[in-house]
Amino acid sequence: MAKKISTKVLTDLHLNMVRIRRFEEEAGKLMEDGKIPGALHLYVGQEAVASGVMAHLNNQDQITSTHRGHGHVIAKGGQFSPMFAELYGKATGYCKGKGGSMHISNMALGILGANGIVGGGPPIAMGAAFSNKFRKSKQVSVTFFGDGASNEGSFHEAANMAALYQLPCVFVCENNGFGEYTAQSNHQAVTDVADRAAGYGMPGVVVDGMDVMAVYEAAEAAVKRARSGAGPTLLECKTYRYYDHVGVRGMGLTYRTDEEVEAWKQRDAIESFEALLVKQGVMTQKKLDNVYARVDADIQEGIAFAESSPFPTEDDLLEDVYFVGAKS
Amino acid sequence: MSEAVQKNARMLPYVSAITEGVQQVLREQDNAFVAGEDVGQAGSVFGYYQGLLAEFGDRRIVDTPISEKGIIGLGVGAAATGCRPIIDVMFMDFLGECMDEVANQMAKMRFMFGGGATLPITVLTMAGAGMNLAAQHSQSWEAWLAHLPGVKVVMPSNAYDAKGLIIAAARDDNPVFVVLNKMSLAMPAEVPEEMYEVPIGKAQIVKEGTDFSIFGIGRMVHEALAAAKTLEELGVNCEVVDVRSIQPFDSETAVASIKKTHRALIVHEAVRFGGFGGEIVAQLQEQAFDYLDAPIARVGAPFSPVPYSPALEQVYIPNAGRIVTEVKKVLGL
Ligand SMILES: Cc1ncc(C[n+]2csc(CCOP(=O)(O)OP(=O)(O)O)c2C)c(N)n1
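Line order of the protein sequences matches chains A and B.
If you read the first sequence in our numbering, its first letter stands for residue 1, the second for the next number, and so on.
If you read the second sequence in our numbering, its first letter stands for residue 1, the second for the next number, and so on.
Since the hints were made in silico from the structure, they are not lab data.
What you are looking at is a predicted structure, and each value in this text was computed from that prediction instead of being measured.
In this text, a Cβ means the ideal position worked out from N, Cα and C, and glycines have one as well.
One or more hints might be untrue.
[To be verified] To give an idea of the interface, some chain A residues facing chain B are shown, with a C-beta separation under 8 Å as derived from the structure:
#1 99
#2 185
#3 192
#4 198
#5 309
[What the hints assert, rightly or not] Residues of chain A clear of chain B, computed beta-carbon distances all greater than 10 Å:
#6 38
#7 103
#8 154
#9 180
#10 186
#11 224
#12 305
#13 311
#14 314
[Said to hold, decoys possible] Using C-beta positions, here's what the derived DEER-type ranges look like:
#15 281(A) with 58(B): 27 to 37 Å
#16 202(B) with 265(A): 49 to 59 Å
#17 47(B) with 15(A): 50 to 60 Å
#18 322(B) with 29(A): 41 to 51 Å
#19 229(B) with 189(A): 48 to 58 Å
#20 322(B) with 304(A): 54 to 64 Å
#21 131(B) with 298(A): 53 to 63 Å
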């Protein structure tokens, strides 16, 4: 582990990963129980990416997320109560129940939305980065997208423009090996999405997405580079989703082997980081237990909040289609 | 129908009727193939290509990257050069990703080339709300397509039509969009095993009536039928017309119905404003003005994106109750 990383940073990285893992596990159960409607694309397995990258962002920095967006929202500071409420479709949710899992967002936290459109994020993040440069702010935008999304034209156009204009933007590809049920080798001829960076004139970096410190360090360089005005980076994190594309089932799927899943779980980002923290004396088992207890209490509070919240009403349907307030 | 035939009647859900239609087309046309996201090994996220990879192999059931522009472009280029592609756009909402290939290339290539190119391309795509899939996975964009000279658009409301329209589309030498409905996938209907066509450009009267014509598009046909039942109890005998083909639109059947009933309502799942219902109203007043005894009513979704919350989606999607209310309004009941 790198030398001068503070205990606070380390424990925050851990806390964020645990918050994501436990939130997703509970959200998955609630979906299975029929309490949460619609489709949930869960982030379990990929926690190190969101946590490691977001450690370098502040509330003014922006992100664009994906259909698999809960982890990004949590790592960017999303609170459980309005998140659960959104998943329940309640009026107290982050999007007043209008967006749901695939559109969860919060502008105050710099979250420019999860996205139901694969590849929807990169151009928007590029636009936010353009704005950051235009307004001469020091903000950075980060776009998260999958290996599958790296085949959408939108990614390529955004990458080209971000490099051309030297925008403060970081392209984080979460390569979990699949786009839905199609393995990476069946949807692109490259092994490293990061190779594509060269075509746009930006650095491309490959990092182990199951190692939160590796992600943390690589993201630090990319965010620094963006913030300093040197332009974008494509950071590819090799990771894995433990669950199916939608829902919670992880094993016995036709498009991958259980052995493959097990092999990735052996390298679980949270477990290995916890072992490291204990070994380094940063954490004790008791402290770790406390983290889980605190997170679980938060989750219970969030679920209770969601369940006791009111649904939006028919009157809310036509609200927010247009801006109708005073001109800004 | 004879008893013998009835006994042999085979019920098939909408999803399997799609499979069978595509399968029979692939057996009939050597240069037909399916291309789209997760169509092969996964058999489509909706399951309607299950088994086709095993029968036809990956030369003819082609899994593509998530690249809708590329997928439609593949279809256009292949169709122009001797293939008969069946292109799958998983959700109709994803047309946004490839609307240039649809609107500026596929739709007008033949015209721009002075008839030089022929594009026998079929696009299957899934529309409709009702599963809490929110604003980008629930839309009905048929009016968008209907506005494009050069493409045909059909919307099967049932399993029989789904199979027959897919076969008709695949045999047509023009681009045809078959707009499917995700809430109808499990809905069974009687579907013959042999290959048959449902003609593109023909509406179907699914219930005869004398007092009021309800024109339903896609899944809304079933809501129209439910509304007709309720209205029957109130003494209103409704005729229900399944529009089936959006482009070309069968105004002949529509006008004939109006001449009988003198009143009409159009229902579609798409947003009411600018929806295809407006075109039907225009055609009816142009062609049957003297037969109309009342303004034509329209039921569609409110002018908002499709909401996620079940509480909102429920009131968003048009239903039988709203049809009944509007019909009663027209009749002053
Ligand atoms: C434009 C568009 N095409 C297709 C889909 C359907 N779809 C949803 S998620 C997904 C796979 C995305 O793969 P990837 O980008 O690798 O992200 P992952 O799911 O692995 O996190 C697909 C094809 C979509 N939502 N939007």
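Cross-check of the supplied hints:
1. 99: It holds, given that the least Cβ distance between residue 99(A) and chain B is near 6 Å, below 8 Å.
2. 185: 11 Å, violated
3. 192: 16 Å, violated
4. 198: Since chain B brings no Cβ nearer than about 20 Å to residue 198(A), farther than 8 Å, the hint is violated.
5. 309: Violated - the Cβ of residue 309(A) stays beyond 8 Å from chain B, reaching only about 11 Å at its closest.
6. 38: 4 Å, violated
7. 103: 6 Å, violated
8. 154: The assertion about residue 154(A) is violated, with a minimum of 8 Å to chain B.
9. 180: 5 Å, violated
10. 186: 6 Å, violated
11. 224: 31 Å, holds
12. 305: Label holds. Min Cβ-Cβ 16 Å, cutoff 10 Å.
13. 311: 4 Å, violated
14. 314: About 5 Å separates residue 314(A) from the closest Cβ of chain B, which leaves it inside 10 Å; violated.
15. 281(A) with 58(B): 27 to 37 Å: Check failed, 54 Å falls outside 27 to 37 Å.
16. 202(B) with 265(A): 49 to 59 Å: 56 Å, holds
17. 47(B) with 15(A): 50 to 60 Å: Given about 41 Å between the Cβ atoms, the range is violated.
18. 322(B) with 29(A): 41 to 51 Å: Since residue 322(B) and residue 29(A) have Cβ atoms about 36 Å apart, the given range 41 to 51 Å is violated.
19. 229(B) with 189(A): 48 to 58 Å: About 56 Å separates the Cβ atoms of residue 229(B) and residue 189(A), which means 48 to 58 Å holds.
20. 322(B) with 304(A): 54 to 64 Å: Because 36 Å falls outside the window, the suggested range is violated.
21. 131(B) with 298(A): 53 to 63 Å: Given about 30 Å between the Cβ atoms, the range is violated.
The structure fails to meet hints 2, 3, 4, 5, 6, 7, 8, 9, 10, 13, 14, 15, 17, 18, 20 and 21 from the earlier list, while all remaining hints are met.
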